[in-house]
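Engineer: With these hints in hand, go ahead and build the complete structure from the sequences.
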Amino acid sequence: MQRHPNQLKGSLYWIAASAVGLLILNYLVATDALDWYYAGVLSTAGIYIILTTSLNLINGITGQLSIGHAGFMAVGAYTAALLSVHYDTPFVVNILAAFATAAVAGLVIGLPTLRLKGDYLAIATLGFGEIIRVVIQNLKVTRGAFGIVGITWVDNLFYTEIVVLLSVVIIWRIVNSATGRALIAIREDETAAETMGINTTLYKVMAFAIGSAFAGVAGALYAHRMTYISPNDFTFLKSVDILVMLVLGGLGSITGAVVSAFSLTLLPEFLRFIDEWRMVIYPLLLVVVMLFRPQGLFGTKEIDFGALGAAFRWLKSRFGGAVGSAPQRTVETASPSSGMQTEVQTSSLQPAGVQPDLSGQPGSAAVAPAEPSSRPFLEVNGLSIYYGGLKAVSDFNMSLPEGALHGLIGPNGAGKTTVFNMLTGLHPPSEGEIRFRRKRIDRLPPYRISSEGVARTFQNIRLFKDLTVLDNVKTAFHMNVGYGFGASLVRPPSYGVKERRVTSEAERLLEILGLQERRMELARNLPYGEQRRLEIARALATRPRLLLLDEPAAGMNPQETASLMELIRWIRDEFALTILLIEHDMSLVMRLCERITVLDYGVTIFEGTPDEVKRNPRVIEAYLGQEAN
Amino acid sequence: MLRIEDLHVYYGGIHALKGINLTVAQSQIVALIGANGAGKSTTLNSICGIVRVESGTIEFLGKNITNVPSHHIVSMGLSQVPEGRKVFPAMTVNENLLMGAYSRRDRAGVREDLERVFALFPRLKERRNQTAGTLSGGEQQMLAIGRGLMSRPKLLLLDEPSMGLAPLLVQEIFRIIKEINGQGTTILLVEQNANMALSIADYGYVLETGKTVIQGPARDLAQNEDVRAAYLGG
Amino acid sequence: MSRVVASLLLCAVCILLALLRKYRTHVVSNPALKYSYYPALILLAALGINYLLTALGANKVYTFQQAVYGLSLGSVYALIALGYTMVYGIIRLINFAHGDIYMVGAYAGYYAVTVMHLPFVPALVIAMVASSVLGVLIERIAYKPLRNSPRITLLITAIGMSLLLENVGQKLFTSTPRTYPTIFKASYEVFGVSVDQSRIIIFAVTVLLMIGLQYFVNYTKPGMAMRALSQDRDAARLMGINVDRVISVTFAVGSALAGAAGILVGIVYPQIKPTMGIMPGLKAFVAAVIGGIGIIPGAMLGGMIIGVSENFVTAYISSSWRDAIAFGLLILILLVKPSGLLGKSVREKV
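Chains as they are written, first to last, in the numbering used here: chain W, 26 to 654; chain P, -13 to 220; chain R, 1071 to 1420.
I should point out that these hints are in silico values taken from the structure, not numbers from a laboratory.
In this text the structure is predicted, and so the values were computed from the model without any measurement.
Heads up, the beta-carbon is just placed ideally off N, CA and C, and yes, glycines get one too.
Be careful, since some hints might not be right.
Coverage of chain W stretches by chain R, computed from C-beta distances (three or more under 8 angstroms per stretch; other residues unrestricted) [what the hints assert, rightly or not]:
{"hint": "1", "stretch": "148 to 160"}
{"hint": "2", "stretch": "470 to 482"}
Derived SDA-like pairs: lysine to any residue, alpha-carbon spacing no greater than 25 angstroms straight-line [unchecked claim]:
{"hint": "3", "chain 1": "R", "residue 1": "Lys1214", "chain 2": "P", "residue 2": "Tyr(-3)"}
{"hint": "4", "chain 1": "R", "residue 1": "Lys1343", "chain 2": "W", "residue 2": "Trp197"}
{"hint": "5", "chain 1": "W", "residue 1": "Lys263", "chain 2": "W", "residue 2": "Asp214"}
Structural biologist: Now the structure itself:
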């Protein structure tokens, strides 16, 4: 097992660059070329870099608006200060202790508040930040408003820079792993993320705790640098400072955060002559940036050696070298339109527990409806849901055998999507039960239902719009990446192998759905039909056994619809799926589905084969509308 | 009365309308049918100035109203009953209706029209002081239509009035639409319930992926093989 | 014996209040009850507290004295909170600059009283107009171009505007605090509780402005347009409502109320400085959330609750815990009833 060459190179570049930077810095300090004052300014810049990157993890990456970061910095600073003053513990211990206490504080505060969204969360974090400060102000041990003096002075720039570097690298690794993809998915669309099997609550709290922990580390560095701290160092304005740095750099960009924190700390030193107006210019700058470049200087993009590397790789591939990015080309794949009989290597995509004899035989008889003796694959009994007294769906029953291709039709507003929402746990039903492979799933949260093997698409398309097509699918592999959080930090050789497997499997799915050419485009730039196909690819990446498609053909032209129909039938056979679909395009439903349930006004009015449905007078009256007299 | 020529609209990065052409003549009912996502609602919203038109012209009563801000449209005699009803849930029935007359200044006329709407929908009169959020789906649809009538429009745009309603209510709503038309209001009706819509319309257009693909007198459309296959499940 | 009776009465009052709440929709459809509902509620609550205090054997005069202080402070919070709640209801923005608009109102009032030697009422009008113009300008320049941007962009712009106003204020008014001249000197004694004339005025003006605002929002055309806009923006546009104009009106009215709060705070707590808007601004937003964001009586209720509890914390615990109580209450409310005391819960549409 070896590391992915590009990844290795990327890390090497970074390590080399940082080492050179550190050496130069130390040389400058040692030779007095850089006087102690500027060394101090650089330390401060380092502290702000940690604060900004850690806030970026919460605000930029996970999309949870926190504006009370100074509170966690205070927790870390006071932990280090008290340890230093009372027990004279070494610097490293204090840093680690600050990390731990701030993490605990983040956990305690994050657990209740992260249930809130958007502005409410912002105001709650602000509130907690203030409360932390008031508590510190009132505790005896923290000596109230007087603050703590006599903290050991750590003036070694080298130590500071090492801590800064470590913090940034750890956050970088978290962001660039399956964990990071889950966090970004939460930022992009929390509901969709949940249906990809991501435990959004857990990940939000985790991001919040980790971000807080690093704020604590920054606080400890600050305490050791200043040797004196008081509650007034950690006011709301401090939180705003950090936020401003983050936003100017670009929410979501780690390098942006680093560059912005660095330059905004240094800038005033060079702009002494405007010092008097600094506090007017800063907010003005902030407003102007928001008005004219709201995504910040870097947007969500990163500057790295990737651009260089990409050019290099391109050259190499032109002149025929075996390069690391090759795997996707070695895979023999077939798109269903070009021929359904082609053999496709799908073994690694098979959901767990599928008989192996299915894998090589697309369209085999094994996926025909199961024998009547076996219990149904999906069984729904008496499902009802009320919205504020109104019954949106009442007494919905359904029983699907394994491998079925079932249609759910009815006029707009009949409650079809509501049924999907109940099946996927987004709206817990008021009454009734859902059994999937004999297991009751109606009280499970959406991410658990997803891990049971239920995937869906959305009527109003809920892609992760600002991610690339490829990343959309890779995110959905969340449950199946095969490595844990620890591995993404340590990055053993197997990590690279598993990451590459995720990429190649994602690319294969894209190929199957005819989106391979688009894989580096942002999802939002795809035309309608391709967005719908990408949603199907993303759903398949969760390795489902039951796939719910909500109006997959909406917005497609007849040709697209026809090939979609082929595709749906083909993936059902290929992936041994059971499919339930909502559709308005009658020609598609009638030709594709084996059985159809007709819903009207929240009530099931008929279930039967397409022919029976077409002939049933109640269906004709309710759905197809009365004939003109 | 209303003429749309080669209308193009981009909606969230998607080319949603790719050349809509349609005409609505005085005192007709014109039906616009098509699948979800075909661009029916977008067409109505571009007429009302809610979405920006990229190219093409919309003419109403001989005046070009392309990209005219929505708040000028209503006073010109054009009002829309939006998809999903969109009544103001925390306002009473009475207040909702008065909001419909927002652009008008003639108090006496408004009072008169209020009575006219209550005559059309006696159920609303019973519930005039109830908040709209507590009404049933059918009553909300009636309220939405009533609200649309309060601006005394010359042309009423109706977006899926049958959505989510029980079959009996749908018939009731369509009967009322016919009645409103009989009183002299021209109607452009967007519907998914194609048969129902074509049964009361004079003329119809079929929309497909942002284009008008078939048009003709409603009676002919209802018999058209292609239309039947795609939308009537034939 | 009397304590048992008091406790029982208190229980009865609580049950009555709970019942009233449950049937509120029916009760308030009757206009006579509609306008006596909140006063009655307050009266009942006051009676309940009185009984409770008797039961606990507390020093009633001291407690009521603190309550009076609390209500006048709460009036300031309430007035600021009204603007927050209106703006939030319409464009879903926490207008962080709102607290600084209040600061500008305080300075406008200060200059009107000291430099122009105007009496209270014209000074009040000047403060309200100045704040109003500033509020509309901020909206036009900084918020309007971002109307279709992500909420976070708008929020950060608001934070930026707030900082900008504070720092420009430091330059313009200098950071030296100014002191309002005493306008109302009289003080009365009611059952041993001393009530300053200025405190009566601050409370009365607040209540009057709130009633005026209620009338404006419920019965005038621009007010109804505001409500329509906050409930469904697209539908409101279809009614022919000029969205930009209604948003401007909202900022104008909300900022005028903040300006009124600015001058009122000056007559009771005479020191003003450019950073005076930060904390009251934050706490007023908290008040709006506690009462139920977007709900006018909610903002009033929230403001009063925060004002009174801050005074009680100062009186019975320690003034250094004062700043924590508002945020503590906020978090409690957010966790127990995120839609606020008077709010209704809503469900996210998938």
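Engineer: Compare the distance between the alpha carbons of R:Lys1343 and W:Trp197 with 25 angstroms, and conclude whether the hinted pair is satisfied.
Structural biologist: Violated, because 43 angstroms separates the two Cα atoms, which is more than 25 angstroms.
Engineer: Examine the stretch 148 to 160 of chain W for residues whose CB is less than 8 angstroms from any CB of chain R, and state whether their number is three or more.
Structural biologist: Per the Cβ count (9), the hint holds.
Engineer: Does the alpha-carbon distance linking W:Lys263 and W:Asp214 stay inside the 25 angstroms limit?
Structural biologist: violated (30 angstroms)
Engineer: Is R:Lys1214 close enough to P:Tyr(-3), meaning Cα to Cα at most 25 angstroms?
Structural biologist: holds (21 angstroms)
Engineer: For the stretch 470 to 482 of chain W, does the count of residues with a C-beta closer than 8 angstroms to a C-beta of chain R reach 3?
Structural biologist: violated (count 0)
Of the numbered hints stated above, those contradicted by the structure are hints 2, 4 and 5, listed in ascending order.
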